[in-house]
Structure formats: C-alpha cells, structure tokens
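These protein sequence lines are chains V and Y, in that order.
Sequential numbering of the first sequence, starting at 50, is according to this note's numbering.
Sequential numbering of the second sequence, starting at 44, is according to this note's numbering.
Bear in mind the hints are in silico, worked out from the structure with no lab data behind them.
Ideal Cβ placement from N, Cα and C applies to all residues, glycine included.
Relax, there's no trap hidden among the hints.
Within a straight-line C-alpha distance of at most 30 Å, the following computed DSSO-like cross-link-like pairs (lysine-lysine) qualify: (1) V:Lys168 x V:Lys353; (2) Y:Lys170 x V:Lys218; (3) Y:Lys173 x V:Lys218.
Derived coverage of chain Y by chain V (criterion: at least 3 residues anywhere in the stretch with Cβ under 8 Å from a Cβ of chain V; other residues may be distant): (4) 64-71; (5) 83-97; (6) 103-114.
Each chain, written out:
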Amino acid sequence: MYSQGLIGADGRTKEDAAFLAAFQARIDAEEKIEPKDAMPEGYRRTLIRQIGQHAHSEIVGMLPEGNWITRAPSLRRKAALLAKVQDEGGHGLYLYSAAETLGVSREEMTEELLSGKAKYSSIFNYPTLSWADIGIVGWLVDGAAIMNQIPLCRCSYGPYARAMIRVCKEESFHQRQGYEIVMTLARGTEAQKAMAQDALNRWWWPSIMMFGPHDSESAHSEQSMAWKIKRFSNDALRQKFIDATVPQAEFLGLTVPDPDMVWDEGLNDGKGGYRHGPIDWDEFWRVVKGGGVMNRDRIKARKKAWDEGAWVREAARAHAAKRAARKMAAE
Amino acid sequence: MSEVFVTALLELADDHLVLGHRLSEWCGHAPMLEEDLALPNMALDLIGAARGLYAYAGSIEGNGRGEDDLAYLRGEREYLNCLLVERENGDFAQTMLRQLYFAGFMEPYWQAAMASRDETLRGIAAKAVKEVAYHIRHAAEWVVRLGDGTEESARHMAEAVEELHRFTDELFLSSPAAAAAEAAGLLPARAEMRGAWEATLRAVFAEARLDWPDAVWPQKGGREGAHGEGLGHLLAEMQSLHRAHPGAVW
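Let's have the full structure, built from the sequences with the hints guiding it.
Put into structure tokens, the structure is as follows:
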C-alpha cells in the first residue's frame, strides 16, 4: 500500500556521488533492486511512470477487445475472448501492485489516468471495427507488446521483473490465439479473407509505432538503459518484430501494407532483415497527444465505470467499517 | 422422451448463456478492477455450462445441430430461458442480486442433478455445482455489503429487490417438457428447490438488512418463448456477426 517501499526510496536518500556509484554497481552486477532498497529518486519515478503506464495500458486495452465480446461469432471464441480480456485486467492488477511497492497507490494512479496526466499505450486509441481486429490485435499488438516486454522480465527492479514473467507467458498465449483467429479467417470465405486483410491494413502501422520514436528521438531511453529498466532500443525491437511478423503474414497469404518494404541483406549486422518504409510520425504524435479517434471515448468509458462505481466502493468501505466496529463491540 | 429432454436441456442452456452474456457486458466497465476479473469468471462458468448443455442437446436431437447452431440460429421466440436471466444488468446491485437469485436456485438443482439417471448430465452437474457455490458466495457478499453499506447502497439494493423479485417464481416452474424429463428421473424437479433457495436467500437478506418482499405479480413466460423486450436486443447483438456469414467457420 501507500507506505510500502518508502524506506530509503522517498527522496530523503542523499544522492551523492558515492551513493549513485554504489547503486549503479549493483545494477551493473545484475542485482535485483527490491522495494526496501535505497534507490535514486529518478529511478523510482521512472519506474512509477513506466509501470503505471503499463498497468493503465492493460486496463484501457480491455475496451477495444471488450467491444467484440458480445458479438463473438461462436461460443468457443466468445469464451476465449472473455478469458483474454480478463487476463488483461489481471495484468493490470499485478502491475498496479508492482507500482504500489514504489510508494504510490492504485487510486492515485487511476486518478492520474482519468485526469489525462498519466499516459497509456496509444495503440488502444484505435477502434476495433470487425471481428478480424480481434485476431489482428492478438497477433500484432500483443506480439509487439511481447517484444517490448520479454526484456522487462530481466528488468533491474525485482517486483516489475517478476510481474512481467507471468504477463509474458499469458501474452504469448494471446498472440498465438490471435494468429489462429487470423489464420481461420485467411482460410475462410472471401468475405473473411477481406476482413482479415482490412484489419491488417489498419493495424500494421500503429503496431510498429508501438515501439516508440526512433532511437535518436527517444527522450527517456539513455538513462533507462543505464539503469537496466530498458535493455534494447526502440528501433532494435521494432526491427525484431518486423522480421518475425512479415513471414507470418506471407504464410497467411496476407499483404503487409508497406509498399516500400524490401529485404535488405545489410540489416541485423549482415544477417539481413526487412527494411520498412517511412513511418508517419505525425500520426503517431497526434494520437499520443490525444487526437486519435478513440482517445476521448476510452477515457470517458473508464471515467464512467469509475464514477458509477463510486457508491459501490464506498459501500464496501462502509460495510467493512461496520463489521469491524461490531466485532470490537462484541469482544 | 428424447424430444422433451432436448427441450428441457435447451431451457437450461439458454438460462446459462443469456446470463453469461449479460455478465460479459460488464467486462471492462465494473466498479473496480477486482470485479472486472470476477464478473468474467462467472460469465465463463455459465457460458461453459451452456456449451456443454447445447452440445449434449444437439447430440440427442441427432439433426446435426451443434452448440453454435443452437445458440446463434434460434430467434427470441425460440429461446426458452427464464425471464430473470435476461433482465438488463441495471446497476451493480441488480447484477449481483440477479446472480444470487439464480445461483441460489442452481446450487441445489445441480446437487440434485448429480443423481440424474443420465450420465452426461451428471458430469455437467458435477462441474457446475462447484462453480455455482462460488457464485453464491461472491454475489451474497456483495448483496450484504451493499444492503448494509451506506444509505445510498441500501437504496440501490432495495430497488434491485423490487425490480427482480417478481421474476423468481418462474425458477420453480417446470414446462411440460421439463416436467416429463423430471418424471423420467433425468432432471431434478424444479419445485423441490424452493426450500433450499428460500433458506439461502432469506439468510442473505437478513444479513443485508433487506426486507423479504411479497411477489405481488409474479412474472413468467420465458419457457414458452414469451420474453421481455430486452432479449431480442441481446440476441440481435450476439447473433449479428454469425448470421451475417452463413456457413462460415470461425
């Protein structure tokens, strides 16, 4: 809860050169930093921001997929999608708990999400327009998330690293499930194939934007790399994702909507890779800054659930207090 | 016998699917994250039970209809669920009370169904009985918290009782098909569940400081396909994609 993790981590630690050097030495020795350990304030703030954003992404991410639960085309798919969206909520819960070890409460983080102060992954500001989007989101969006997240299983902060191990296991299941949905569509009727291609057309570029700006433009990268919160650069992860995904699309008979994409022998230290065409960073920044078609709707939906649930949460607190008082009176 | 057994199984299956669907509407919109996990859990149990029941009904019927044909290709006049489960979610108090009313009935029902003459049904019951015990616990805890929470929550809870209690009588009514399956020892007799149901519910109401209401105008009709207006919308949404692509595999 709120008081946890404050010991040595609340900014009262004197961050002199010796302290910072000792901390960096622990990081360099691949030691895990735990909640009660002394840590630089910047490290703590970076983690709160990153884990909080990650948790919010899981929670907001429930909305676009949740949009198809009530219309899933078979009972098997309905159950699988429901379980998947539930898993995302579970990830949100572990991640909020991991962030709480750094001295911030879930309520505070939620308020920051609802006020717009805290960000979440911009990918969820795109709408899910057909059933194929459910497959494509699993395959591409969860696929991109895994590329980003697998290195986080080795993140220097222990609670985050441990939460990510479980998250990654579930995400990789989701990704396979998403790919299987798309495969079923790609092998289905003409209308189903068209649905799959249309969804790929809409989600491809947003998915590769998920890795963030080019390394030269990335604001937080350098310090996060030194602290081993981040281990690979945005561009390196993006390349890895593209190289893994393009052959999967080819296998399905779908076309990646990048006419400039070419195989380039020189990429990946001479091992070769797919060189992608120019990314529309104006669109990326527009959606990040709130100008996507769903930004307002996503926050409105979260705010509505939060506001309409206020009396329920209040009642739970009041009831717990009454019970405690009655128990005291009876003793 | 097999024709009436199929009908009786469809009644049960429709109850579970429709309620599971209603709960799934909450996913991502619950009052707290813990409920965003708990509501889909219960929905998954219910949809899972419905799938087993549809598949079994289809296999007895023998016309090649599978779970999806039965779920997606029958219209609202062919759906045989009781009215309680199709009621719209309303607020969280109504959702939890609806769950408690239904689970409070299904728990003794599945217990009794474990002694059915039918082996497949015994299997379905053995799985469902464990799940429904959790549904009772979860829903009862919330009914108590809300009934005995704040003034505002008590008002919501009292409104939920007023809204939903009139649909509970139908739980205990057996359609002619169900009555025949009951007489043959295939299914438990619905009327016999009233004692256990009422004991569960009255205990929770007492703890929640809720008044036990008189059901002045008990509502029924679901088992004959005479529903409220909400079910048609639920099915229109649920079935739209499946029906738009006849014969497609998903």
